[in-house]
Amino acid sequence: MIKAARLLVSSWLWALIGVASLAHAQGAPSTPDGHTGAPSRLDEIVARGTLRACTTGDYKPYSFDKGDGHFEGIDIDMAESVAKSLGVKTEYIKTSWSNLMNDFVAKCDIGIGGVSPTLERQRRAFFTQAYMIDGKTPIVRCDDAEKYQTVAQIDQPSVRVIVNPGGTNERFARQYFPHANLTVFPDNVTVFKQILTGKADVMVTDASETLLQQKLNPGLCSVHPDKPFQYGEKAWLLPRGDVVFQQYVDQWLHLARATGEYQAISDKWLK
Numbered sequence: 001m002i003k004a005a006r007l008l009v010s011s012w013l014w015a016l017i018g019v020a021s022l023a024h025a026q027g028a029p030s031t032p033d034g035h036t037g038a039p040s041r042l043d044e045i046v047a048r049g050t051l052r053a054c055t056t057g058d059y060k061p062y063s064f065d066k067g068d069g070h071f072e073g074i075d076i077d078m079a080e081s082v083a084k085s086l087g088v089k090t091e092y093i094k095t096s097w098s099n100l101m102n103d104f105v106a107k108c109d110i111g112i113g114g115v116s117p118t119l120e121r122q123r124r125a126f127f128t129q130a131y132m133i134d135g136k137t138p139i140v141r142c143d144d145a146e147k148y149q150t151v152a153q154i155d156q157p158s159v160r161v162i163v164n165p166g167g168t169n170e171r172f173a174r175q176y177f178p179h180a181n182l183t184v185f186p187d188n189v190t191v192f193k194q195i196l197t198g199k200a201d202v203m204v205t206d207a208s209e210t211l212l213q214q215k216l217n218p219g220l221c222s223v224h225p226d227k228p229f230q231y232g233e234k235a236w237l238l239p240r241g242d243v244v245f246q247q248y249v250d251q252w253l254h255l256a257r258a259t260g261e262y263q264a265i266s267d268k269w270l271k
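In this note's numbering, the protein residues as written are 1 to 271.
Keep in mind the hints are simulated off the structure, nothing from the lab.
Do not rely on the hints blindly, as some may be mistaken.
Under the rule of at most 30 Å between Cα atoms (straight-line distance), these lysine-lysine pairs were calculated in the DSSO-like manner [to be verified]:
hint, residue 1, residue 2
1, K215, K193
2, K227, K215
3, K268, K227
4, K215, K268
Label-pair ranges, simulated between beta-carbon atoms [as the list claims (entries may be wrong)]:
hint, residue 1, residue 2, range
5, I133, N181, 43 to 49 Å
6, V184, A47, 22 to 28 Å
7, V243, N181, 42 to 48 Å
8, Q175, G69, 47 to 53 Å
9, Q247, V105, 18 to 24 Å
Cβ atoms here follow ideal geometry from the backbone N, Cα and C, with glycine treated the same way.
Modelling step: build the complete structure from the supplied sequences, incorporating the hints.
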């Protein structure tokens with residue numbers, strides 16, 4: 001009986017080996033480099049000759065649409081560097097925060113422009129390693145800075161909170177300011193002027209953006225950007241399940257940070 005069991009196991013193992021060998025011979029795709037394995041977006045990008053990047057173009061200092069079909073910012077410079085490393089050109093596909101995930105999945109290789117990793121987005125995409133630590137903090141008229149130091153001070157019916165639609169800023173505002181007078185303003189570029197001109201009191205957004213906007217709009221002040229209300233990060237969206245492409249972009253980012261390339265790009269826009 002023991003001998004029969006051994007023969008059965010042996011036959012089963014040889015059958016598995018045969019199936020695996022046949023699958024390898026008949027079905028394993030080959031990349032342009034001659035490697036076998038699952039197809040990767042990395043190989044598709046090289047073959048296509050373009051890196052397609054979804055971006056909103058309304059979020060300085062990460063991505064800004066100059067209005068002539070050209071984009072600029074931290075993430076744009078980084079995307080150009082990745083494309084150069086692959087020997088391809090960039091193609092920017094403009095989207096909005098509310099449509100970012102749908103457009104990314106349908107049209108793009110990367111999603112860039114100050115994207116905050118969230119568990120909701122993680123269900124539909126991979127993220128690169130974070131390239132910046134950030135968090136939500138208020139920006140207000142400088143004369144009012146002491147009035148809006150805490151969530152409780154902002155979450156009052158008399159406080160006019162303004163926010164851009166569709167992203168983590170709106171989600172944060174709806175969660176933490178249910179009693180405030182909340183306005184969803186459609187233009188993320190001019191939304192800060194609404195505070196400056198007295199049409200709104202507070203916007204809570206990423207600390208990096210508040211630091212830039214107080215430079216661009218004298219009279220506005222970032223409130224404790226070194227101690228934000230909430231921990232946050234910035235990273236890029238990548239196709240879900242594509243470990244090969246994710247590892248390539250993460251390795252590029254690691255080298256960019258180690259060599260000082262990323263710091264030089266960041267300083268160009270933030271200092």
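Hint check results:
1. K215 <-> K193: 13 Å, holds
2. K227 <-> K215: 19 Å, holds
3. K268 <-> K227: Holds, because 24 Å separates the two Cα atoms, which is no more than 30 Å.
4. K215 <-> K268: Measuring from Cα to Cα gives roughly 14 Å; hence the hint holds.
5. I133 <-> N181: 43 to 49 Å: 31 Å, violated
6. V184 <-> A47: 22 to 28 Å: Violated, since V184 and A47 (Cβ atoms, about 42 Å apart) do not stay within the stated range.
7. V243 <-> N181: 42 to 48 Å: The hint (42 to 48 Å, Cβ to Cβ) holds, given that V243 and N181 are roughly 46 Å apart.
8. Q175 <-> G69: 47 to 53 Å: 36 Å, violated
9. Q247 <-> V105: 18 to 24 Å: 20 Å, holds
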